[in-house]
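As they're listed, the protein sequences go chains A and B.
Taking this note's numbering, I'd label the letters of the first sequence as residues 157 to 454.
Taking this note's numbering, I'd label the letters of the second sequence as residues 898 to 1181.
Keep in mind the hints are simulated off the structure, nothing from the lab.
As the structure is a computational prediction, the values presented were derived from the model and not from experiment.
Possibly wrong hints are sitting among the right ones.
[To be verified] Quick list of in silico lysine-lysine cross-link-like pairs, DSS-like style, CA-CA up to 25 Å:
hint: 1; chain 1: B; residue 1: 909; chain 2: A; residue 2: 273
hint: 2; chain 1: A; residue 1: 368; chain 2: B; residue 2: 909
hint: 3; chain 1: A; residue 1: 368; chain 2: A; residue 2: 234
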Amino acid sequence: MEATGLGAPKPRRSAGHRLADLFHGRPRLQAGTLLAGPVGWLVIGYLGSLAILLIASFWSLGELSGEVERSFTLDNFKTIVEDSVYRTVTLRTVGIAAAVTVTDALLALPLAFYMAKVARPSRQSLLVVAVLVPLWSSYLVKAFAWRTILSEEGILNWALDPLGLSGPGYGTLAVWLVMSYIWLPYMIIPIYAGFDRIPDSVLSASDDLGAKAWMTFRRVIWPLVFPAIVAGSIFTFSLTLGDFIAPTLVSSTQFIGTVVKSTITTNLPLAAAYSVVPILIMIIYLLIARRLGAFEHV
Amino acid sequence: MRLTRRNEFLLKLASGATLAFIYLPLLVILIYAFNSTNTQVWPPDGLTTKWFGEAFDNSGARDAFLLSIEAAALATAVAIVLGTLASMAVARYRFFGRETISFLVILPIALPGIVTGVALNTSFTQILGMELSLFTIIVGHATFCIVVVYNNVVARLRRVSGSFEEASADLGATPWTTFRRVTLPSMRTALVAGALLAFGLSFDEIIVTTFTAGAGEQTLPIWILTNFSRPAQLPIVNVVAVLVVLISIVPVYLANRLSRDVGGAAPTRGGAAGAVAAEGTAIP
């Protein structure tokens, strides 16, 4: 290459190149420019909204006007903690979220194990798709399907009638069933990934050392797959905690979600305060999950 | 792993039963779409395809469908830009708080949908004094769609070495040229997969939407929800439900195909990892 002397005139540079010079050798500036948009959106837009939610939970409704008054009061939280209706609804919601989580774990374990360790590789990928498709298909349609199935003249009663039985009908039991159904794939996928990470040799070793299937499961598989179950449970628990559509479709029972939904138009500060409850529950849940090693598995 | 005959049989039985449990309700809805009467009684009296024609002629359903497409397309566009920028920063640079970015991006879907919904609703109506509209729907959807694009693209960028970009810069390319000619081609399929998933996610979303949609805006899921309880509309709701399932499944299928043919990863593992990455982000 021809050496250009120091005195040679600088070639005219395009705007793009001049901009490039500005960023050249400044990784912090580069990363900062990339991040400005997304972090701005999420911090100002999203975290900002959460902060406003928190602030609004201390507001109140004017007694005469019924308008939102921006003053500081703890009354909303007092209501939530002291009023037995809210306490019952909170406990019921946490109860159903826990029941759904346990049900899904029990249903997911055999299927996920079969997918990861027993099925032939060709069938394995087919099964993954078979679980993913319903996971992504419309939440609302799934809830709607169950509303139809559980109705008085629906398919469940039709199938159970010859046996002299009848389905659960609409109610809390139906909510448990529908939620377990809707969130099941969210449990299967992490557990499948958890099983998939266990080397086959570990299982053969346990086998060779004379352990029966149950012993291998309890002493080898369970400890290795447990964090994956906790990872899956974050989804099933959180999603059940905030749901208000499935409960309205198959029951008239009140949950945190249904109460927030019906309160927001009449008493926004109270609705805001009540939606702080699932946030707190999830923070506690996530802290426990992290302790149990779930975050390496999400 | 070696299983006794009996254990293998039990395992297959349990797996088969769970799969049946997953698919039967979807099958029931599919059958009802062809139900000849407008009562939801099992077994159906007869089968017909006439409701499909009526559904296409139903202006409410058609408007809702178009609004959903519009909202999903615009929310996906925002998510593509923001998700790609964030993933490039996280995959290619080291900086203080890098770990926090992944957490920040996933937060809108890790928290219950109702929290996101109420928070956005409060900000829009109380602080910004805005009327709820298509714009507010898009802002809400884009917020939780960023994570899908981000997860897919960041996973890809981590597998592709950054030295190609350095080489390009050393050869005198501007950052924009490097992005266009080097980075973009290497992440294209992941980006398309992420975009498809974001579109599917937005198209179906109902919980956040109920809090961010104005009275005049009905997305397809909201239209379904308001028409559940109207017996005259029920057959059309069934048809629309089947269409919604199909529209949300096609992007997932394509995305799964796209994320599989990547970077020499074994099909099942790559597929599963991509799936979990994408899955982590699914929201009702």
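Holds or violated: residue 368 of chain A with residue 909 of chain B, Cα cutoff 25 Å? Given pair residue 368 of chain A, residue 909 of chain B holds - Cα atoms ~19 Å apart, limit 25 Å.
Measure nothing beyond the straight line between the CA atoms of residue 909 of chain B and residue 273 of chain A; if it is 25 Å or shorter, mark the hint as holding. It holds: about 12 Å lies between the C-alpha atoms, which stays within 25 Å.
Tell me if the straight-line CA distance from residue 368 of chain A to residue 234 of chain A falls inside 25 Å. 55 Å, violated
In summary, the one numbered hint that this structure violates is 3.
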